Amino acid sequence: GQQVQQSPASLVLQEGENAELQCNFSTSLNSMQWFYQRPGGSLVSLFYNPSGTKHSGRLTSTTVIKERRSSLHISSSQTTDSGTYLCALERASGSWQLIFGSGTQLTVMP
Amino acid sequence: GPKVLQIPSHQIIDMGQMVTLNCDPVSNHLYFYWYKQILGQQMEFLVNFYNGKVMEKSKLFKDQFSVERPDGSYFTLKIQPTALEDSAVYFCASSLGTEVFFGKGTRLTVV
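Read top to bottom, the protein sequences are chains A and B. Per my numbering, the first sequence starts with residue 4, numbered consecutively. Per my numbering, the second sequence starts with residue 7, numbered consecutively.
Next comes chain A alone, as it looks inside the complex (with noise of 0.2 Å):
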């Protein structure tokens, strides 16, 4: 089964309210990062968040190994905030290849 799960599938929130995007597990863990995809498809690295709390602005990060689980919190959100975020794990196993979720489709609405 997927290895990696995602929630919600898609969100739609009125500018300035917060957003929680969860990612579960099902496999140790090396690392977790959480990407956000332009409409136009590149990448862009939010948080390299193996464990812990992490901020970046309006962002916050949260993985709590324990329960395999990772959370992206986007507060006051934007129109500008619209797109897809993913989470990507890197198995505890030695294997290097990042492992992605299929994504929360994010639209804020202005």
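Do not take every clue at face value.
What the hints assert, rightly or not - With the C-beta cut set under 10 Å, the calculated list includes, among others, these residues of chain A facing chain B:
no., residue
1, Gln36
2, Gln40
3, Tyr51
4, Ser54
As the list claims (entries may be wrong) - Computed list of lysine to any residue pairs in SDA-like fashion (alpha-carbon distance at most 20 Å, straight line):
no., chain 1, residue 1, chain 2, residue 2
5, B, Lys9, B, Ser79
6, B, Lys84, B, Gly46
7, A, Lys69, A, Thr56
8, B, Lys68, B, Lys9
9, B, Lys110, A, Gly43
10, B, Lys65, A, Ser96
11, B, Lys65, A, Trp99
12, B, Lys65, A, Gln6
13, B, Lys110, B, Gln23
14, B, Lys65, A, Gln5
15, A, Lys57, A, Glu18
16, B, Lys9, A, Gly43
17, B, Lys110, A, Ser45
By construction, these hints were calculated from the structure, which means they are not laboratory data. The model shown is predicted, which means the values in this text are computed figures rather than measured ones. Even for Gly, the Cβ is constructed at its ideal location relative to N, Cα and C.
On the provided structure of chain A, position chain B as indicated by the hints.
Below, chain B without anything else, positioned relative to chain A:
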């Protein structure tokens, strides 16, 4: 953040022909990757490359695919011959072993 450059951004090629996708990774990075994303679908790992060798490859990395990085030049993905199902966006990535940085992708269309 660090930039991975991919050339070209878009390539159209006739089925059966050879294509080479070029990637200029971050200058001091050691690990190089190719990923494939078919329109509207999940990002999938193809191959990673370290110290001049393929370290790991997925089932998607068919016999028609090859990678190399001659000293000081591009990290390349070659497909020979191409097939219709190779149409996708191919993303190059690089890392020092921790955070992975991606290029903007090359959209390959096989007709």
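Here is how each hint holds up against the structure:
Contact between A/Gln36 and chain B, as hinted, is supported at the beta carbon level, the nearest pair being about 6 Å apart and thus within 10 Å. With its C-beta approaching chain B no nearer than about 8 Å, A/Gln40 sits inside the 10 Å limit, and its interface hint holds. About 4 Å separates the beta-carbon of A/Tyr51 from the nearest beta-carbon of chain B, less than 10 Å, and the hint is met. Hint status for A/Ser54: violated, given a least beta-carbon distance of 13 Å to chain B, over 10 Å.
Pair hint B/Lys9 plus B/Ser79 holds up; C-alpha atoms about 16 Å apart against a cutoff of 20 Å. A C-alpha spacing of about 24 Å is found between B/Lys84 and B/Gly46, which places the hinted pair above 20 Å, so the restraint is violated. Pair hint A/Lys69 plus A/Thr56 holds up; C-alpha atoms about 14 Å apart against a cutoff of 20 Å. Taking the CA atoms of B/Lys68 and B/Lys9, the gap is near 28 Å; set against the 20 Å cutoff, the hint is violated.
Distance restraint check for B/Lys110 and A/Gly43: the Cα-Cα separation of roughly 9 Å lies within the 20 Å cut-off, and the hinted pair is therefore satisfied. In summary, the hint linking B/Lys65 to A/Ser96 is supported, as the alpha carbons are separated by about 18 Å, within the 20 Å threshold. A distance of roughly 15 Å separates the Cα atoms of B/Lys65 and A/Trp99; the hinted pair therefore holds under the 20 Å criterion. Proximity of B/Lys65 to A/Gln6 is assessed by CA-CA distance (about 17 Å); at most 20 Å being required, the pair is judged to hold.
Pair hint B/Lys110 plus B/Gln23 does not hold up; C-alpha atoms about 24 Å apart against a cutoff of 20 Å. Restraint check for B/Lys65 and A/Gln5: the C-alpha separation of about 16 Å stays at or below 20 Å, so the hint holds. For the hint pairing A/Lys57 with A/Glu18, the CA-to-CA distance comes to about 23 Å; that exceeds 20 Å, so the pair is violated. Restraint check for B/Lys9 and A/Gly43: the C-alpha separation of about 17 Å stays at or below 20 Å, so the hint holds.
Straight-line distance between C-alpha atoms of B/Lys110 and A/Ser45 comes to about 4 Å, which keeps the hinted pair within the 20 Å bound.
Of the numbered hints stated above, those contradicted by the structure are hints 4, 6, 8, 13 and 15, listed in ascending order.
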